[in-house]
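K.L.:
Starting from the known structure of chain C, fit chain L onto it as the hints suggest.
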Amino acid sequence: MAAVSLKYPDLQADGATVEVRLATAAKTIKGKPASGRSVPLTALIDTGASTTVLKLGIPSFLGIRPANRAYVNTASTQGMPCHEFAISLILPQGFKVRTTAVELPLHTQGIDCLIGRDVLAQCVMTYVGSENQVILSF
Amino acid sequence: MKTRKSVTSKVLEVEGRFFETNRDRFMKEGAGKFVLIKGRKVYGFFETKFDAIDAAYERFGNVPFFVHKVTEIEEPLQVVSYLVGV
Chain C
696 MAAVSLKYPD
706 LQADGATVEV
716 RLATAAKTIK
726 GKPASGRSVP
736 LTALIDTGAS
746 TTVLKLGIPS
756 FLGIRPANRA
766 YVNTASTQGM
776 PCHEFAISLI
786 LPQGFKVRTT
796 AVELPLHTQG
806 IDCLIGRDVL
816 AQCVMTYVGS
826 ENQVILSF
Chain L
42 MKTRKSVTSK
52 VLEVEGRFFE
62 TNRDRFMKEG
72 AGKFVLIKGR
82 KVYGFFETKF
92 DAIDAAYERF
102 GNVPFFVHKV
112 TEIEEPLQVV
122 SYLVGV
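Quick mapping for you: the protein sequence lines, in order, are chains C and L.
Just add 695 to the spot in the first sequence (first one is 1) and you have my numbering.
Just add 41 to the spot in the second sequence (first one is 1) and you have my numbering.
Not one of these hints is a red herring.
A partial selection of chain C residues facing chain L, derived with a Cβ cut-off under 7 angstroms:
| hint | residue |
| --- | --- |
| 1 | Thr746 |
| 2 | Pro761 |
| 3 | Ala765 |
| 4 | Leu801 |
A few chain C residues facing chain L, derived, Cβ under 10 angstroms:
| hint | residue |
| --- | --- |
| 5 | Thr719 |
| 6 | Lys722 |
| 7 | Lys725 |
| 8 | Ala762 |
| 9 | Ala770 |
| 10 | Ser771 |
| 11 | Pro776 |
| 12 | Cys777 |
| 13 | His778 |
| 14 | Ala781 |
| 15 | His802 |
| 16 | Ile806 |
| 17 | Leu809 |
Keep in mind the hints are simulated off the structure, nothing from the lab.
These numbers were taken from a predicted model, which means no experiment stands behind them.
Ideal Cβ placement from N, Cα and C applies to all residues, glycine included.
The following block holds chain C by itself, in its conformation from the complex:
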């Protein structure tokens, strides 16, 4: 099992952030390899999210088109329709995770993506609070 080890100055205060690259989940499009364009993002590992969330506008910036119309419950809204996108998240050391993500406004500076339990379902997350460390094992 290979692992991504993430160290932080203050994990409790800042949360478990990780620099990722985001690309389309398409492997081939009409028989041709999908373009390899990707963008770097700052993501926050968020166990309160059942699915990964992308900041509003990022899918269109990358040219990724919606693959579903989903419904989301947030802290203040129930059953809100939103678009779902098929994406690949490329983690440090090149680990690639294919998943789907919804597009929602994120009202914070510096966080472009919430990594939800859909990604965590594909790995083992070890949270070592006393060492300010998070380890993702795939």
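P.N.:
Frame of chain C; chain L shown alone:
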């Protein structure tokens, strides 16, 4: 508590309405599977979400398509983070 405030455009509204209208029929044909819809046409039921998504990219290219799990009752995704602005 607010309900159904939308952050989406009208993209895939046709497919979403078509799915809701035909949900009972889809339950008989592929309960628990993932249906691929484009416009008002069904292009198959698939065992996994990414089986359907891969098939959609092959057939339609990089355009909007509708891949949805066939369930009797819609279960919304849960995002409780305070960072979400809705």
